[in-house]
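Build the full structure now, drawing on both the sequences and the hints.
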Amino acid sequence: MTTTALTFPTPIAGLSPLRDYTLAPVPDTDGVYALQSVDRPEIRFHILNAATHIPAYQPLPNTDDLDVFVIVTAQRGHDRLHVNLLAPIVVNRTAGTAEQVILPDPDRYPLDVPLTDLIAA
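Residue numbers (the numbering used here): 14 to 134.
Heads up, some of the hints might be wrong.
[To be verified] Derived CB-CB ranges, DEER-like:
no., residue 1, residue 2, range
1, 87, 38, 27 to 37 Å
2, 74, 119, 11 to 21 Å
3, 54, 26, 27 to 37 Å
4, 16, 120, 34 to 44 Å
5, 129, 39, 15 to 25 Å
6, 69, 93, 27 to 37 Å
7, 107, 127, 27 to 37 Å
8, 29, 132, 31 to 41 Å
9, 20, 127, 13 to 23 Å
10, 110, 71, 19 to 29 Å
11, 54, 121, 31 to 41 Å
12, 130, 108, 15 to 25 Å
13, 68, 39, 15 to 25 Å
Read the hints as simulated data drawn from the structure, not as lab findings.
From a predicted model like this one, the values you see are computed outputs, not experimental measurements.
The C-beta atom is built at its ideal place from N, Cα and C for all residues, glycine as well.
Okay, here's the thing in structure tokens:
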């Protein structure tokens, strides 16, 4: 996949008014991408394609034409990466749009989960 331009009709939580981003694969990885703001390039997230790395994570119905990503976080004092299952990024590459979906069940989809816990499951 090459770099894709994406527009978020509704900004990512906490990042208003930023709406335009690029989605680019991280070299030498499978299913790992950088989501970077066009207007403020210092704002960049690493995200994982959930279908590649967490196939059991299917929080939304009817995503055949969409890609579901989870945001990766590295926390100070911890040597493990964590992911946000509560607010996935859903991408429609054909339309060039994306949305952060806030799920209604934080008990089922936690905000902060060690990635190793999910991959080992």
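Are there hints from earlier that the structure breaks, and if so, what are their numbers?
-> 1, 3, 6, 9 and 12
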